[in-house]
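*Asks:* The chain contents come next:
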Amino acid sequence: MARTGAIARRQKLLTIRFGGARWVSPLVLLLLWEAGSHSGLIPARTLAAPSAVLATMWGMIASGELGHNVLVSLGRAGLGLAIGTLIGGALAILAGLSKRGEVAIDSPVQMLRTLPTLALTPLFIVWFGIGETPKIVLIAVATTFPVYLNLYNGIRSVDSRLIEAARAFGLSRAAIIRHVVLPGALPALLVGLRYALSISVLILVVAEQINASSGLGYLINNARDFMRTDIIVVCLMVYAALGLGADAAVRLIERRSLAWRPTILEA
Amino acid sequence: MTAPIPFPTRPQPIVSLRNFTRRFGTNTVIDGLDLEIAEGEFVALLGRSGSGKTTLLRTLAGLDGPSGGEVRVPESRAVVFQDARLLPWKPVWQNVMLGLGRRDARARAEVALAEVGLDHRADAWPLTLSGGEAQRAALARALVREPKILLLDEPFAALDALTRIQMHDLVLGLWRRHTPAVLLITHDIDEAIALADRVLVLDGGRIVAEERIVQDRPRNPDAVLRRRLLTCLGVVSPEPQQNWAEAAE
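Chains as they are written, first to last, in our numbering: chain A, 126 to 392; chain B, 4 to 252.
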C-alpha cells in the first residue's frame with residue numbers, strides 16, 4: 126500500500142513537472158514574438174505585437190464593439206446550427222425507424238453529403254441574395270449532415286435485444302422509441318452534435334465574408350482593408366475561443382445525460 | 004412446504020399449444036408440438052442448443068408467431084432473459100417499472116426489489132450491477148407485473164455456481180408466494196430436477212420425453228432420472244460409480 130502510494134505520488138509529481146513544462150514553450154514563443162515586434166523584425170502591418178493585440182482587445186471590449194459583433198456571429202451560428210440539428214435529427218429519426226424512410230431519405234442524403242457545402246455558396250447567393258439568409262442556410266446545411274449521419278447510425282445500432290425485451294413487456298412502438306431507441310442513440314447524437322458545432326464555426330468564418338455589416342467576419346474584413354493586424358488577431362482568438370467553448374458545452378451535456386456509462390462513472 | 008402440484012385434478016391449462024409449427028424458410032425448427040401448462044405449474048424444458056428452445060420461448064413471449072397450429076398464451080406474461088436486458092440509461096427501479104405508468108411506481112418498485120433482496124440498489128445504474136444482481140432486477144421487473152405465466156430463458160446460465168444456487172432458492176420462494184405458472188428453459192439437468200414439477204425434453208422441434216417429479220423440495224439428486232434425461236438429450240453417460248458400489252454390496 127505504502128509503496129503504491131509512493132509511486133502514485135511520484136507520478137503526480139512527474140505530471141506536475143511536465144504539465145508545467147507544456148506551458149513553457151508557448152510562453153517563450155510569445156516572448157520571442159513580442160521581442161521581434163519591438164525590435165522591428167516583425168512589422169506591425171505583418172503581425173501586431175502580443176501586447177498591442179491585448180490592448181486592442183481591451184479597447185474593443187470596453188467600447189462594446191467586440192461584444193456586439195460576437196453576439197451577432199453567435200446568433201448566426203446558433204440559428205443555423207439549431208435549424209441544421211432539427212432537420213438532420215428529424216431526417217435521421219424517419220430514416221432510422223422505418224424501412225420506407227430509409228429508402229426515401231438515406232440515399233439522397235448520402236449523395237448530397239459528398240458535396241462540399243461551401244461550394245454551394247454562389248448558388249445560395251443567387252437564391253437568397255446577400256443578406257442574413259444565405260449565411261444561416263449555409264450553416265444549417267453544413268450541420269445537417271453530421272447530425273443526420275451519427276443519429277441514423279446510432280438508431281440503427283441500438284441493441285436489438287433491448288428492443289425485444291421491451292416488446293416482450295408489452296411496450297407500444299411509441300414507448301419503445303421513447304424509452305429504448307432514442308436514449309440508446311443519444312451518445313451517437315452527441316458525437317454528431319460535437320462535429321456540427323465545430324463545423325458551424327468553420328462555416329461561419331466563410332459565410333460572414335458575404336457582404337456582412339456586422340459580426341466577426343465584418344470586423345476581420347474591415348481590419349484587412351485598414352491593415353489592422355491586431356484586430357484580425359483578436360478575431361482569430363475569438364474564433365478559437367468559440368470552438369473551445371462549443372466543445373466544452375457538448376462535453377458538459379455528455380457528462381450530464383450519459384451519467385449511466387461506466388467509463389464516465391469511473392472517472 | 005408442499006409445492007402446489009396440480010395433480011391428479013388438473014385445472015384448466017393456462018398455456019396450450021396444439022400442433023404448433025414454426026418454419027424459417029425450408030428449415031422446420033418446431034414440428035407439430037403439443038404443450039399444456041397448468042395454472043401455477045412449474046415446468047422445465049430441457050434441450051440442446053438448436054433444439055428449438057429459443058423459438059418456442061419467443062412464441063410464448065409474443066415476439067414471434069407460429070407458421071401453423073394453435074397457440075394460446077395469456078396476455079399476462081413476463082420474461083427473464085439469459086442476459087438481464089436492463090436498459091442501461093434507466094436506474095434499476097425505473098427498469099423494474101418499465102412501461103407501467105403508475106403513480107406509486109417508485110414504491111411498487113421498491114417492494115418488488117426488496118422481494119429479490121435488491122432494494123439497496125434501487126437507484127443504481129444497471130451497468131454497475133453484478134451478474135447476479137442484474138438477474139435479480141430482471142426477476143423483480145417480471146414479478147412486478149404479477150404475470151400468470153413467467154418465462155425464464157436460461158436465466159442462471161451466465162451466473163457462477165454459488166450465485167446460481169441462491170437464485171434457485173429465490174425463484175422457488177417467489178413462485179410459492181406469487182403462484183404464477185413457470186416455464187424454465189435450461190440445458191442444466193440438475194437445475195430442472197431441483198426446481199420443476201414436470202420436466203420436458205425438446206429435441207428436433209418435438210417433445211421427446213416428459214417426467215413428472217412429485218418429490219418434495221429440496222430434492223436429493225436422483226441419479227436414475229438424471230441418466231434417463233441425459234439419454235433423451237443424446238448424452239450416453241456411463242453407469243454412475245455409486246451404483247457399481249451398491250451392486251457389489
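Mixed in with the good hints there might be a few duds.
To be verified - Taking beta-carbon pairs under 10 Å as the criterion, some of the chain A residues facing chain B (in silico): (1) Gly226; (2) Ala229; (3) Phe253; (4) Gly256; (5) Arg281; (6) Glu289; (7) Leu296; (8) Glu379; (9) Ser382.
No lab work stands behind these hints: they were computed from the structure.
Beta carbons: idealized from backbone N, C-alpha and C, even for Gly.
*Asks:* Checking against the hints above, which ones are violated?
*Replies:* Failing hints, ascending: 1, 2, 3, 4, 5, 8.
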